[in-house]
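Engineer: Below, each chain spelled out in residue letters.
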Amino acid sequence: MSKMTGSQALIESLIAEGVKDIFGYPGGQIMPVFDALYDYKDRIKNVLVRHEQGAVHAAQGFARVTGKPGVVLVTSGPGATNVLTGVADAMIDSTPLVVITGQVPSQLLGTDAFQETDVVGVTLPISKWSYQIRKPEDIAWAVARAFYIAKSGRPGPVVLDFTKNAQIGSVDFDYKKCDYIRSYTPYPSIDNNALAKAAELINGAKKPMILFGQGIQLSHAEEQLKEMVEKTGIPAVCTLLGLSSLPSDMPLFKGMVGMHGNLGPNKKTNESDVIIAIGMRFDDRVTSDTSTYATQAKIIHVDIDPSEIGKNIPAEVGVLGDAKAVIERLIPLLENKEHKRWADEFDELNAIEHKKVIIPETKPEEGYLNMGEVVAAVSAACGDNAIVVTDVGQNQMMGARYSKYKSTRSLITSGGLGTMGYGLPAAIGAKLGAPERTVCFFTGDGGIQMTIQELGTIMQEKLGVKIIILNNSWLGMVRQWQELFFDERYSHTAMLNPDFVKLASAYGIKGKLVKSRQDLSDAISEMLADDEPYVMEVDVVEKGMVFPMIPGGKPISKMMLTTTEWY
Amino acid sequence: MQQEENTLYTVTVYSENQVGLLNQVSIIFTRRNLNIWSLSVSSSAIEGVHKFTIACRTSKELIEKVVKQIEKRIDVIRAFYYTDDEIVYQEMALYKVPTDAILESGKFEKLIRKYNARILEMNKTFVVIEKTGHCQETGQLFEELSPYGVLQFVRSGRIAVTKCKVEHVTNYIEEQEVRRVQESQLLCDCDI
Ligand SMILES: Cc1ncc(C[n+]2csc(CCOP(=O)(O)OP(=O)(O)O)c2C)c(N)n1
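Protein sequences appear in the order of chains D and U. Residue numbering for the first sequence follows the working numbering, beginning at -5 and increasing consecutively. Residue numbering for the second sequence follows the working numbering, beginning at 3 and increasing consecutively.
Treat the hints loosely; a few may be bogus.
Calculated pairs, SDA-like style, for lysine to any residue (alpha carbon to alpha carbon, straight line, at most 25 Å) [stated by the list, open to error]:
| hint | chain 1 | residue 1 | chain 2 | residue 2 |
| --- | --- | --- | --- | --- |
| 1 | D | LYS305 | U | SER28 |
| 2 | D | LYS171 | U | GLU18 |
| 3 | D | LYS305 | U | THR9 |
| 4 | D | LYS548 | D | ASP277 |
| 5 | U | LYS67 | D | ILE184 |
| 6 | U | LYS70 | D | ASN187 |
| 7 | D | LYS305 | U | ILE38 |
| 8 | U | LYS62 | D | ILE307 |
| 9 | U | LYS62 | D | THR284 |
| 10 | U | LYS74 | D | ASN186 |
Covered by chain D, according to a simulated footprint, are these stretches of chain U (three or more residues, beta-carbon under 8 Å) [stated by the list, open to error]:
| hint | stretch |
| --- | --- |
| 11 | 10 to 23 |
| 12 | 66 to 78 |
Simulated from the structure, these hints should not be mistaken for lab results. Here the structure is a predicted model, which is why all the values come from computation and not from measurement. Cβ coordinates follow ideal geometry from the N, Cα and C atoms, glycine included.
The shape of chain U in the complex, shown without the other chains (with noise of 0.2 Å):
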């Protein structure tokens, strides 16, 4: 049970692009008294579609609820959530260190390596370091850069794709097309 409570869900919105959509799934999460652990906003493959991906540790039977509740709100296309496994996902973290201390060190050069780091700036005072990976990589080098002392740290949130080969969306879009027809009918019967 305990491990149940404990897994780290993405949920992925898509959403039509209007104004305070993120305050109305950002509410959903609130009422449950659920933390949002990380969270990313941008347009999806599908012109017009902005796509949120919020990860979120809970468990499996509020976390459907959640996404239930999510969908119910009018202008969310659909929800998903998926385990880890589901997923491919990357996130990106940001470091800014202090020139002389890590030049000092010697370990530069190696750091960047076994990171697969990439340097973005550096001057006289401070270098800034770039590195993407999932959060054990990221957070395993910022232990290995605290010793010169880390002026700036960030990560972004998660960002991911599932494994299959469409947004599922996608087809659900298609659907809908077809449904506007019926549904004028069935609008028209309750009317009466």
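Okay, chain D solo, but in the shape it has when bound (with noise of 0.2 Å):
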């Protein structure tokens, strides 16, 4: 036990988690702590952001390729309030976070005191915890608290607000770390007679389908997962977050689901008779309309959150527990079986959306670029072993469908928010994340634009993040939903853009503009040559679209594969 004032708590506490890399901002609220963490400049280093809500998507960029908490400092007011995308989006996304607001001394609270907010009241809502910490006593066992809330079980986003006195009052000092909580319990213990009407069922099975999320990757079970695919022969598909959980070329892998998902294994959902689904929570982008979703299948849901068991999908057996134990409990109940006709049926399905979409997106002859085309060049040079960051929009369908995946975690994208301006701070996070992998970040003409400053961070820290601006001039997905759903009617969409590669240099960023197919696999090479930090705008096709798809509210059997064709 020693005596320190409560910032240099805060942060003996954040290394005595193992935290070595934060994401702040400092102000007056929160001056304490940045001025303690000057004499901690060997042991902890802070990102400094551009804007707030740079630090909160660093830190899940952080969080989602290395599954250790994010953390973040900011000041009060609206340093707090800044955060608050980032906190949703980390709440609906599951991922692991420590966001530490700066708040005025207890005395003043609920005053009105020079930038005062509420956090904890705003951030009850749209996180795991939330917390005030009021006095230099609480500060132990608040972060030891929130590090255990934000990390086990289902894992989220917990908010620390940090009053100025008790930033410097004096403590003595004493760490234990949490690893209990009576009225939580992060890992329910799994139930044998749910397990056995599991197996019994899959067993049983003629047309089953495992579809998965990312709990697979929150909970490592991507070598279980593996084995129950490979022992039983059944067709496995996924979600957006879901993707990267198994390579892509592996045989029984037939793709993603959902809105803008591969054909078989949308197609195929609605004709399963077992489908087992495992750390995913059926969101509307998965399952469309819900009356006409898979109703003549028996679903297994394997989640780790009660709630989400019949929230949206009503489950014939619930598994309620870790998907890896579940798993690896689960396994030796089952028969080693093929499903030979059954998996060859996806592929014959996928063979169409080959055909009829994936051909003419990567492999146009003539004509302006198209997304995919870039996307799937920029994989392949990377071996298909990148990190694969996207924006939101049609950069985002385009980045995650063509690419291709070796490892685990290697797909980092807003998905249950669909946070616009989400991957450029998402991508620096996660080079620091994991600074040995190439970072390939994804994005479009507007969502840049929402979080371009923190081009000065990647500057600053000399990021090796490689930026790719697919520009189409449009909002491209509104307008792509302007143009199917709204007549044509291009309200509000049209972007008249700076010049992106000047605005790089002015940044000391290296870059290239990109108009012809001819240019592209030079700027690429030139781009993957070294570690450096690297803008390729591409000018791609205008009126681009993403298909197949499934427009809202409709039955995911049938796929838009142009404007005028479905399947």
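From these two lone chains plus the hints, build me the complex, please.
Structural biologist: Here you go:
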């Protein structure tokens, strides 16, 4: 036990939790902590972002690639409100974060003091836990609890609102990690009956399908899932956030479900007799109209969060538990099988998509460059082993669909919230979390401008993020909807954009504008030649479309392959 | 179906004694656009554990989801929902009526006896009557007092105990203590 200030106690607590990198921005009500950081330069590195939204998305990118909680340190009032988007994003995408916000001194709380905001009040509904530290004695307890809550069970963001008096007061520091909270059961015990029922259904199934989500990555269950798929011969498909948990080229991995998912996975969902859903939450972008979703199937829902089972889609068997533990215990109960004919049917459907959508998108012979062909070329040039970060919109769907994945945790994208501006800071966090890997960030001309100030962070930190701006001069995804569902009334979606390469150069970042097919591969080689940041702006076709597509509210059994063709 | 939608459920929530918990619980109802019919908060039979009793009219399907989402809050220990036949419940009402009017009616004693009500305060201007009972009963007394001009009326939130022997949550808390050890092990595993 030793005497120190609250600010030092906070930093010592972070160190005790193994934190080495944090993402922060100073201000009046957090200055004592930043002052204390000055003495910890050799042990904790703060990445000085350019906007607090950048800090929180960077922490998310870091958390997604490392599996460790991302730590954010910002001031009160506007600093705190600037992180809200990221907190909400992390909540819906189950990303572990510990967000520390400065707060006015306790005695001023409730008086509308300068830069006072009710941070606990506004973050309660969008965080896993939110707590105000009002005295230095609470720091060790609250930080220990925060880390435990953020990373255990279904991960999520935790907010600690840290009053200034607690930062400057002195305390006898004694840190104990938290591993138990009476009112919180992060790892529910697995019910043997449920396992037995699930196994019986799976063993008797004629047309089974495994549908997995990010839960596989969150519980480190990639190997177990692979073993289960190989043993049972059951075709596996995934959600957007599930991508990269299994290698793209694994024969029984059949692709992605959802609005812009693959033809096989979507159509087969409505033909399966048993669906084994693991670590996914039947989001409406996956199910579309729930009344027509997999009504013929018996659904086994494996999830660690009891409130997910039966929330959107009724489960025949709910198996509560950590995905890895559940799969480990399920495997011995499952029979060695093959479902060759059934699995081949996925490929037959995917072949139709390949011919009608993927080939024209990735291998056009003439005309403007397509987003998909740029993504596919970048992915191939990286040996299909880059960390792919996307923004939101067409670039996101193209980035996710046309990248290939060899290793897990290789797609960082804002799924549940669909936050434009997420990508650039998330790529910063991803690169810091995995400096040895190539990080390719695909973005649109709209989304990049939502957090473009973070080019400054890249410059200052010298982070080798590869930024690929797929510039179509439109808010593309919204434009696509206007074309399809709003009579081509392009209301407020055309963009007049700056010269992104010049902008990059103002930040000392190399770059190139690619306008034609001939120049693409050279530019990609130049971009990947070293580990420095690079902006490759690509002029892509203006009115490109992401297909296939299930229009909102339509059954998943029919997908649009082109504007006029359905399958 | 219509019937289903309109069942009155009593939700009981056991929680740690933390600031802001009421807010955490009530926003879950707000998100689902559910009106809280009545609410009361107090300590429970277990030391340090708070108990919320919330009455809400909705469907079984929805109340089940709401209860799971309440339980998901870190500081909530357990939450349950009951229909009226599974619990013993009570409410209390206070009525303030003008003294003159009620005395002149000549029915004062009869009313008090009939409803098994109590007189808490009486002075020259008003009388305060207390009645405990289900809302139909307290409502009926309100109707009967109305002709004399009820100056103020208030009814408390429903409070309830289950018809089984111990609070459901007692066993749970014991189980949790056992879990403590296993838990730390699991967490260590996933740290690597
Ligand atoms: C913060 C935020 N605002 C608005 C939206 C709605 N939105 C979704 S996609 C999109 C267009 C994105 O345009 P751009 O970044 O140019 O990417 P593209 O679709 O052209 O690839 C918009 C406006 C959003 N998802 N997030």
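Engineer: Going through the earlier hints one by one, which of them does the structure break, listed in rising order?
Structural biologist: Of the numbered hints, all hold.
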